[in-house]
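Student: Chain by chain, the residues run as shown.
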Amino acid sequence: MVVVVKVGGSILGEGIDPSVLDDIGAVAAKKQLILVHGGGRAVTETAKRLGKEQRFIVSPGGIRSRYTDLETIKIYTMVMTGAVNKDIVTALQKIGLPAVGISGVDGALIKADRKKKLLVVDERGRKRAIDGGYTGKISSVNGNLLKTLLSEKYLPVVSPVALSEEFEYLNVDGDRAAAYVAGGVKADSVIFLTDVKGVLMEGELVKKLTSKEAEALRPKIGFGMEKKVLASLEALSMGVKESIIASGLVKNPVASALAHRNCTVISDE
Amino acid sequence: MKCPECEGDIDVPADALEGEIVTCPDCGVSFEVHKKRDGATELRPAQIEGEDWGE
Numbered sequence: 001m002v003v004v005v006k007v008g009g010s011i012l013g014e015g016i017d018p019s020v021l022d023d024i025g026a027v028a029a030k031k032q033l034i035l036v037h038g039g040g041r042a043v044t045e046t047a048k049r050l051g052k053e054q055r056f057i058v059s060p061g062g063i064r065s066r067y068t069d070l071e072t073i074k075i076y077t078m079v080m081t082g083a084v085n086k087d088i089v090t091a092l093q094k095i096g097l098p099a100v101g102i103s104g105v106d107g108a109l110i111k112a113d114r115k116k117k118l119l120v121v122d123e124r125g126r127k128r129a130i131d132g133g134y135t136g137k138i139s140s141v142n143g144n145l146l147k148t149l150l151s152e153k154y155l156p157v158v159s160p161v162a163l164s165e166e167f168e169y170l171n172v173d174g175d176r177a178a179a180y181v182a183g184g185v186k187a188d189s190v191i192f193l194t195d196v197k198g199v200l201m202e203g204e205l206v207k208k209l210t211s212k213e214a215e216a217l218r219p220k221i222g223f224g225m226e227k228k229v230l231a232s233l234e235a236l237s238m239g240v241k242e243s244i245i246a247s248g249l250v251k252n253p254v255a256s257a258l259a260h261r262n263c264t265v266i267s268d269e
Numbered sequence: 001m002k003c004p005e006c007e008g009d010i011d012v013p014a015d016a017l018e019g020e021i022v023t024c025p026d027c028g029v030s031f032e033v034h035k036k037r038d039g040a041t042e043l044r045p046a047q048i049e050g051e052d053w054g055e
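Going line by line, the protein sequences match chains A and B.
Position 231, counted from 1, in the first sequence is what my numbering calls 231; the numbers after and before it change by one each time, with no gaps.
Position 21, counted from 1, in the second sequence is what my numbering calls 21; the numbers after and before it change by one each time, with no gaps.
The hints are simulated quantities; they were obtained by calculation from the structure and are not laboratory data.
Do not take every clue at face value.
Claimed, not checked - Covered stretches of chain A (in silico footprint by chain B; criterion: 3 or more residues with CB under 8 Å from a CB of chain B, positions within the stretch not fixed):
#	segment
1	33–44
2	68–80
3	167–179
The model shown is predicted, which means the values in this text are computed figures rather than measured ones.
C-beta atoms are modelled at their ideal positions from N, C-alpha and C, and glycine is treated no differently.
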C-alpha cells in the first residue's frame with residue numbers, strides 16, 4: 001500500500017514536531033510512504049535576509065501569491081531543495097528512517113509547463129496579464145523513480161520544484177505536486193496535512209465526499225482549502241483511491257487520517 | 001475599439017497599460033491590450049492561467 005503525505009508549511013513551522021515524526025515512522029513500518037513538503041514561508045524569510053524583497057501579486061479572485069521572478073526562483077530552489085528538504089530528511093534519519101530528499105528536478109521527477117501569463121489586479125485596481133514568471137503547471141511525474149526508491153525501502157521526501165521544457169526551475173504548488181506524485185505512483189491514499197480538521201461547511205466538518213460532491217462544493221470554500229480539494233480531485237482522476245484532508249496538529253496525524261478519524265475523505269469507492 | 005470576436009464596441013481606457021484586460025460588454029470575451037511599436041493599440045485574446053501560482 002502506497003501513501004503520499006503532503007506536509008504543509010503550517011505543520012513544519014520551526015521544524016517537524018517529534019510526535020509527527022514518530023507517527024510517520026509507525027506508518028512507514030507498515031506501508032510505503034512518500035512525503036511531499038511545502039515551505040513558502042521559509043522561502044520568504046530567506047529571501048528577505050538576502051535582501052530580495054518578495055513581490056506578492058493579487059489575482060482577480062483576491063488570492064495573494066508570490067511573484068516568482070528569476071532571482072526568486074533561485075532562492076526558492078535553494079531553500080526548498082536545501083534547508084527545508086534536508087531538515088526533514090535529517091529529522092527522519094535521526095529516528096532511523098531511510099529518508100531520501102529529492103526535488104522535482106532530480107531524475108526529472110516533476111516536469112511542468114511554464115505559465116505564460118498570470119492575471120493580476122494591479123495597483124490601480126485594474127486587471128492585467130503579466131509575465132508568468134517561473135511558475136508552472138505540472139505535466140508529468142516520473143513514478144518509476146519513486147517506485148524504485150520505495151522498492152528498496154527508502155522513504156522519498158519530495159520538494160515542490162519542477163523542471164520546465166526549457167530546463168528551468170519552476171515553483172509549483174506543494175498540494176498539486178503531492179496529487180501528481182500520488183497519481184504517478186498510483187497511490188492508495190494521498191493525505192493533505194493542514195492546520196484545520198478538513199473541509200468545513202458552516203463550521204461543521206464534512207467527513208465524506210464523492211468527487212462529484214467535492215466538485216460542487218469547491219466554489220463555496222476558501223482558497224487554501226479549495227486548492228486542496230482541487231488537488232484531491234486531480235489525484236482521484238489519476239487513479240488514487242482516496243484523498244484525505246486532515247489536521248497535522250493532532251496526535252498521530254497520519255495514522256489518524258488513514259483511520260478516517262476527524263478528517264475529510266474524498267473518494268468514489 | 002471594435003471587439004475582434006463580435007465587433008461590439010469595447011471601451012479601452014486612454015491610459016491602458018500593456019497587458020491590461022478589457023472585456024467586451026456585448027459578447028463577454030476578455031482581451032489583452034497590446035501596444036504595438038508604432039504606439040497603436042491592438043486587442044489580443046486573453047490567455048488566463050488559473051490561480052495556482054506555486055508555493
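Student: What are the numbers of the hints the structure violates, in ascending order?
Tutor: The structure conflicts with no hint, since it agrees with every one listed earlier.
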